[in-house]
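Just so you know, the sequences run in chain order A and B. Position 209 of the first sequence, counting from 1, maps to 209 under this note's numbering, and the rest follow consecutively. Position 324 of the second sequence, counting from 1, maps to 324 under this note's numbering, and the rest follow consecutively.
Since the hints were derived computationally from the structure, they do not count as laboratory data. Warning: the hint list may mix true and false statements.
Stated by the list, open to error - According to the in silico footprint, chain A covers these stretches of chain B (three or more CB under 8 angstroms from chain A): (1) 95 to 106; (2) 193 to 207; (3) 290 to 297.
This one's a predicted model, so the numbers in the text were calculated from it and none came from an experiment. All C-beta atoms, glycine included, are put in the ideal place defined by N, C-alpha and C.
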Amino acid sequence: MAVYEQTYKRYAGPLTPEWNRFLIIPRHAYRGVFKSKLFTAFFVLCFVPLLVEAILIYLHHNVNALGIMKLELTELIPIDATFFQTFVNLQGGFAFFVALLVGPPLVSQDLRNNALPLYLCRPFSRTEYVLGKMSVLMILLSLITWIPQLLLFLLQSYLEGFTWFRTHLWLASAIFIGSVVWILLLALISQTVSALVKWRVVASGAILGLFFIPSVFGEFINVVFLTRVGNLISIAALMRNISSGLFGTFVETTGTIRIDAFDGGFREIILNEPPLWISWTVLFVICALCLAVLSRKVKAYEIVK
Amino acid sequence: MALPASAQHEVGKDLPLADSAVIDLLGLSISFGGRPILKNLRGDLRGKAIGLLGPNGAGKTTLIHTLLGFYQPTAGTAQIFGHDIVDHAKQIRGLVGYMPERDAFIAKMSAVHFVRLMAELSGLPPEAALERAHEALFYVGLGEARYRKLETYSLGMKQLAKLAQAIVHGPKLLFLDEPTNGLDPPARLRMIKLIREIRDSGQAHIVLSSHLLLDVEECCDEILILREGQIAVYCNLEEERKSNRKFLMLETRGDQPKFVQAIKELGCEYAVTGDHRLKIVLQGGVEVRDLYRLAAREQVQLRRLSYKRDSLEDIFLKAMENGYGGL
């Protein structure tokens, strides 16, 4: 079908492999995403804490630099599980805002413009579509979370030596699993909201609401009923517990409260965090719900019964 | 770009265009919420361009969507180029192109970017996809506007862009759902011309769904008329037009009044349309040879005898009245 011929001709060339066709979606989506200078600037900003982290690791192993800065080694934050957990959580916060900016229009625009039949009338399944749309976020978020964190872990291992690397290898898995769980959750929730709400602003508001309203409500339950069960409906609290569990910093008892009893004495209530397995279970339930909604909404055409 | 050997195959190479059935309906039924939409459709469609006709709600679009694998059949199945629509849905989608009825595009994209993305999703490598996107847009007449955002296109241009995305990967079968919807007369003519060109290229079969009989009449060689989810008629348009052999037009020389009187006595309806011209509707049991016999008896010359051809409208209306199956 050459331009000068102006006739219809079938394509007779080679085809790309099917297994990685879902990656076509992120490749084309990034053109639009990085057209916004504001977003590009914000994305660059996401790397600043990683730079600080790298400098801190470097300072720990460079006496001359410490001398120039007139600092003692003991004044620096120790490089341990808490160090990495802090930065993983910080990057998780940035990832949330990236998801908030990129996620909402991904599916909603296609639904609004009836584009789903165009995708699904090709050798491209609904699963590949969802996977493609999710990978737009997952690749972006990986670039600011687990990939640089693992590189920094390797830098620390290189500077500290093989023994440190061997004894702290579990930290690498904690960084990887913690980050991947978080970005997977972000990608799923933003896609689900995007599939339910056709308007970008409303979808962004809904994502914010999903993260913050249950947190406030959960905290309300905690305060009123003197418990920590409210954390189970707060996504932020769930992720905090899961992250702590992965980095080995999970504390089951997070406080005690003394209340006056009727007999004039007092009663002590121990505040226990919900067990980790319950947090994981709730997380799985949230993911399953998101997948169920996506499976219902991502269709070429809605069946009107 | 190097591709694995397994991926290096031609689209539909194993399925050459032949006289075999393009679409084989094997008792295909579809129900939504217990309400039957398509009822036990059977038959094999072989035409180069098949017109899908029927009143609103007859199931035309549902049939196309089912063939594309958007809906699962409630009972029965269908085959496209011998591939089952349920078991080999993905394989079939590699062989077909689809132009949806409703406005459909991907936002914030130029036409060339959009068509390229669609080509890549069909399996074309990025370079080939870009090349063919340009070609497809030139082919449909959007060459000059191909870098414009789709949102800025007029309705006619959007229809052409939809056609471009449907043909960019060079499908063997093209489903066109109401392609002339909302087009002004020049744009409609352009669309019809393109469809005919694709049909005449012999590279692709076309299934054209439309409620505009004229569109189907101009583009299709076969028609499938649906009524209430069932096949009312499936026929070759040209043969069906000729098949109505009861309405005759005659040109005579000689004593026409006597001949007309004899026709009347034979029980046929007639109308004199000119000095030597007659229109006759043959009644049951009366055949053309009876007319020749009468003409000989009354010593009238039959200078011309021709059958009036049914228009598509006649065929359609007849199908709506009778609901006979042409299969």
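For each hint, the structure was consulted:
1. 95 to 106: As far as the segment 95 to 106 of chain B goes, the hint holds, because 9 residues have Cβ atoms under 8 angstroms from chain A.
2. 193 to 207: holds (count 5)
3. 290 to 297: Coverage by chain A is violated here, the residue count being 0 at a Cβ distance below 8 angstroms.
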